[in-house]
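Please take these sequences and the hints and turn them into a complete structure.
These protein sequence lines are chains X and H, in that order. The first sequence begins at 2 in the numbering used here and counts up one residue at a time. The second sequence begins at 2 in the numbering used here and counts up one residue at a time.
Source of the hints: derived by calculation from the structure; they are not laboratory data. Every value quoted in this text rests on a predicted model; they were computed, and no experiment measured them. Treat the hints with caution; some may be incorrect.
It does not matter which identical chain is meant; a pair holds if it fits inside one copy or across any two.
Claimed, not checked - Straight-line alpha carbon distances no greater than 20 Å define the calculated EDC-like cross-link-like pairs of lysine to aspartate or glutamate that follow:
1. Lys10 x Asp44
2. Lys10 x Glu97
3. Lys10 x Glu91
Here are the chains, one letter per residue:
There are 2 protein chains.
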Amino acid sequence: MKADAQALKGHLDVLLLATLTAGPRHGYAIKEALRDGSNGRFDLPTGTVYPALHRLDRAGLITGSWSVVDGRRRRTYQLTAAGRRKLAGERAGWHEFARAVTALLEPDPWPTTR
Amino acid sequence: MKADAQALKGHLDVLLLATLTAGPRHGYAIKEALRDGSNGRFDLPTGTVYPALHRLDRAGLITGSWSVVDGRRRRTYQLTAAGRRKLAGERAGWHEFARAVTALLEPDPWPTTR
DNA sequence: CGCCATAGCTAGGATTACTACCTATCCTCT
DNA sequence: AGAGGATAGGTAGTAATCCTAGCTATGGCG
Numbered sequence: 002m003k004a005d006a007q008a009l010k011g012h013l014d015v016l017l018l019a020t021l022t023a024g025p026r027h028g029y030a031i032k033e034a035l036r037d038g039s040n041g042r043f044d045l046p047t048g049t050v051y052p053a054l055h056r057l058d059r060a061g062l063i064t065g066s067w068s069v070v071d072g073r074r075r076r077t078y079q080l081t082a083a084g085r086r087k088l089a090g091e092r093a094g095w096h097e098f099a100r101a102v103t104a105l106l107e108p109d110p111w112p113t114t115r
Numbered sequence: 002m003k004a005d006a007q008a009l010k011g012h013l014d015v016l017l018l019a020t021l022t023a024g025p026r027h028g029y030a031i032k033e034a035l036r037d038g039s040n041g042r043f044d045l046p047t048g049t050v051y052p053a054l055h056r057l058d059r060a061g062l063i064t065g066s067w068s069v070v071d072g073r074r075r076r077t078y079q080l081t082a083a084g085r086r087k088l089a090g091e092r093a094g095w096h097e098f099a100r101a102v103t104a105l106l107e108p109d110p111w112p113t114t115r
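As structure tokens, then:
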């Protein structure tokens, strides 16, 4: 049944953008930063990360540039101005969302059944 | 573009289960409880709520029983034992998830770019 | 009477994250 | 020397989820 496969549930984009706040990174490094920064919780397959980065690129939130390091080709991404704005908004949105969900999950925010 | 349409991002099931902790409710009342309990943030279309309830029913997490009140047919749902267990687990899962995401969104959890 | 709230439902589309697979280089261990 | 792992990039196809848009029907209010 694979119930909890979808671990990120729509919040991947914010996290990817957030990894780039400290400076440009290439795709694989982004994947590692996410894994290490979450104590292994968000250890995403490349089949999740790369398409997501392409999506953000197409959306104009990040820009990628190719280079070759140690014989391996790399695509280094950095935030655009739009990406930075988006991140700020999503960050705020996340806090509101999290607050709302947490409140609803408390033992008894629910009025008695009518 | 309809960017932020998917408001719930995979956490609908927990919330639906949570609305039933206070006792059985019929579908429409569940929808209302979610809307009112979130200050209108989670005002979901019925096309989201009903299929989700059917899903939870098929999964054995809730059970529904028909009745007629004031000439209107109602389907009243209540948590099963499995549903209660699931809710407890998801509740814990949410807190871990939220903590991880929040931590990653802080200004600088990211080590300097290599 | 018309309209809204209540109460239930479905079909189809868009998006998302996943599995599973592929190429290629460099490094380490046997 | 060869095998395998880590690094680095990618795609195709699938499952799941939430949405839009539409439908039926009753009761009550202006």
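Task: Alpha-carbon proximity context of Lys10 and Asp44, limit 20 Å - done: both (14 Å within a copy, 19 Å between copies)
Task: Intra- versus inter-subunit Cα pairing at 20 Å for Lys10 with Glu97 - done: Result: close both inside a copy and across copies, 16 Å intra and 14 Å inter.
Task: Up to 20 Å CA-CA - Glu91 versus Lys10, copy category - done: both (14 Å within a copy, 13 Å between copies)
When each numbered hint is compared with the structure, no violation occurs for any of them.
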